Amino acid sequence: MADEVLLLDFWPSMFGMRTRIALEEKNVKFDYREQDLWNKSPILLEMNPVHKKIPVLIHNGKPVCESLIQVEYIDEVWPSKTPLLPSDPYQRAHAKFWGDFIDKKVYASARLIWGAKGEEQEAGKKEFIEILKTLESELGDKTYFGGETFGYVDIALIGFSSWFKAYEKFGDFSIEVECPKLIAWAKRCVKRESVAKSLPGSEKITKFVPELKKKLGIE
Amino acid sequence: MAERSDSEEVKLLGMWASPFSRRIEIALTLKDVSYEFSEEDITNKSSLLLQLNPVYKMIPVLVHNGKPISESLLILEYIDETWRDNPILPQDPYERAMARFWAKFVDEQIYVTAMKVVGKIGEERDAVVEATRDLLMFLEKELVGKDFFGGRSLGFVDIVATLVAFWLMRTEEIVGVKVVPVEKFPEIHRWRFELFEVSIKTKTTSFWAVTEVLTGVNGC
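From first to last, the protein sequence lines stand for chains A and B.
Each residue of the first sequence is one higher than the one before, counting from 17 in this note's numbering.
Each residue of the second sequence is one higher than the one before, counting from 126 in this note's numbering.
Same shape as in the complex, but just chain A (with noise of 0.2 Å):
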């Protein structure tokens, strides 16, 4: 019987580029359907009720909401020669440990580089800083944050790369000046199929923040 997969997402989500990405390393073929987060769709609030948010991945009528837990329901799914993540407890362990850390700490300080004003963002942007420079020191001299292969973590992160420029252009400062090794890692992933499939560019994030703002009502 073949797989019904839908994705309930938003093409400017970091977090949907996950689940994209991840599904586009297995090969996995899917129904992309865009949301509009401003008008949810019954499909949306019947798949996701307890959050009302994207992304959704729909197995075979199935839900499965959050997009980390998604990549891990991928790899578990669709076991392929190349997992997304390791199989030794200890390394999988740490490499959820820095998925995790993403998910806390990325968005939010990011989102005050453009949504905020003043102090405010000027701590958002020194938190973010800080924050990337972390993740720097734990991807070191590697290729990937896993080490030679792509997966996990790399997965977590490279979303955000596609809203560097925004971030540079509203917070006034460069990501590659503060972070080169970080940068670096990003053009190395965007070389790969799935993730260049499933990002959508800098230039079109940038044109999209003030049109965001405006539905989100911030000056």
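Treat the hints as calculated values from the structure; they're not laboratory data.
All values derive from a computational prediction rather than experimental measurement.
Possibly wrong hints are sitting among the right ones.
Stated by the list, open to error - A few chain B residues facing chain A, derived, Cβ under 7 Å: (1) Pro218; (2) Arg225; (3) Phe318.
Claimed, not checked - Below, in silico cross-link-like pairs of lysine to aspartate or glutamate (EDC-like), each with a Cα-Cα straight-line distance of 16 Å or less: (4) A/Lys203 to A/Glu152; (5) A/Lys69 to B/Glu233; (6) A/Lys120 to B/Asp251; (7) A/Lys133 to A/Glu143; (8) A/Lys120 to A/Asp104; (9) A/Lys68 to B/Asp259; (10) A/Lys120 to B/Asp259; (11) A/Lys121 to B/Glu233; (12) B/Lys229 to A/Glu152.
Unchecked claim - Cβ pair distances, simulated, as ranges: (13) A/Asp52 to B/Asp251: 28 to 36 Å; (14) A/Leu61 to B/Phe318: 44 to 52 Å; (15) A/Phe189 to B/Glu249: 33 to 41 Å; (16) B/Glu133 to A/Gln107: 30 to 38 Å; (17) B/Ala252 to A/Ser103: 43 to 51 Å; (18) B/Glu233 to A/Gln107: 18 to 26 Å; (19) A/Lys197 to B/Leu175: 19 to 27 Å; (20) B/Asp251 to A/Lys197: 47 to 55 Å.
No residue lacks a Cβ here, since even glycine has one placed at the ideal position from N, Cα and C.
Model the placement of chain B on the given structure of chain A, informed by the hints.
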């Protein structure tokens, strides 16, 4: 009886009052894993804690043969993958995804919202209580037709949700509000009672210590 080689070294840096620390003890006890507990003073963190968890500097931290693992949900998964007896997570990938979802929900939604009750009074407090109840209703519905969140036996979500059973429902006496009244949440109350039953039957020390504190309250 789980196998244990004499070279296995399991240490838990934790805190007696922390639900995040207790849940690790519950898991280790259910798996019959011997461990050394090290009580941390979070107002005066040990250099060991700072060394083993430099990113968050928080408990719990599990140290297995010298290697540290932090973040309680990750520690639980690590324990489940390392000591295979009495599995905590289900086998089926979809069920596992659901278990992870609900665990995250307890920690990131219920806990965070419920904590806001502390120090609030009047209308503000009522609003937080309402918000907490709205979230708990999702858990209430999850329990319908099941003995535990894990089904017929205790699992990952049950261990995580001891935060609700033993802490949230305990703070009711402290804050003076019945956040989880039995009329609204019959399933949660029934589940909580079943948790006590398990702890008494299995004589799991961590449960036991907690229920000792609680048996003085309402005879349950």
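Hints, one by one, checked against the model:
1. Pro218: holds (4 Å)
2. Arg225: B/Arg225 check passes; min Cβ-Cβ to chain A is 5 Å, inside 7 Å.
3. Phe318: Since the shortest Cβ distance to chain A is 25 Å, the answer is violated.
4. A/Lys203 to A/Glu152: holds (14 Å)
5. A/Lys69 to B/Glu233: holds (15 Å)
6. A/Lys120 to B/Asp251: violated (28 Å)
7. A/Lys133 to A/Glu143: holds (15 Å)
8. A/Lys120 to A/Asp104: violated (24 Å)
9. A/Lys68 to B/Asp259: holds (14 Å)
10. A/Lys120 to B/Asp259: Violated: A/Lys120 and B/Asp259 sit about 23 Å apart, past 16 Å.
11. A/Lys121 to B/Glu233: Holds. A/Lys121 to B/Glu233 sits at ~14 Å (cutoff 16 Å).
12. B/Lys229 to A/Glu152: violated (26 Å)
13. A/Asp52 to B/Asp251: 28 to 36 Å: Roughly 34 Å apart at Cβ, these two residues keep to the hinted range, so it holds.
14. A/Leu61 to B/Phe318: 44 to 52 Å: Violated, at about 34 Å.
15. A/Phe189 to B/Glu249: 33 to 41 Å: The hint (33 to 41 Å, Cβ to Cβ) holds, given that A/Phe189 and B/Glu249 are roughly 38 Å apart.
16. B/Glu133 to A/Gln107: 30 to 38 Å: violated (19 Å)
17. B/Ala252 to A/Ser103: 43 to 51 Å: holds (46 Å)
18. B/Glu233 to A/Gln107: 18 to 26 Å: For B/Glu233 and A/Gln107 the Cβ distance comes to about 24 Å; the hint holds.
19. A/Lys197 to B/Leu175: 19 to 27 Å: With a Cβ separation near 26 Å, A/Lys197 and B/Leu175 satisfy 19 to 27 Å, so the hint holds.
20. B/Asp251 to A/Lys197: 47 to 55 Å: The hinted range 47 to 55 Å holds for B/Asp251 and A/Lys197, with Cβ atoms some 50 Å apart.
Consistency note: the structure conflicts with the earlier hints numbered 3, 6, 8, 10, 12, 14, 16.
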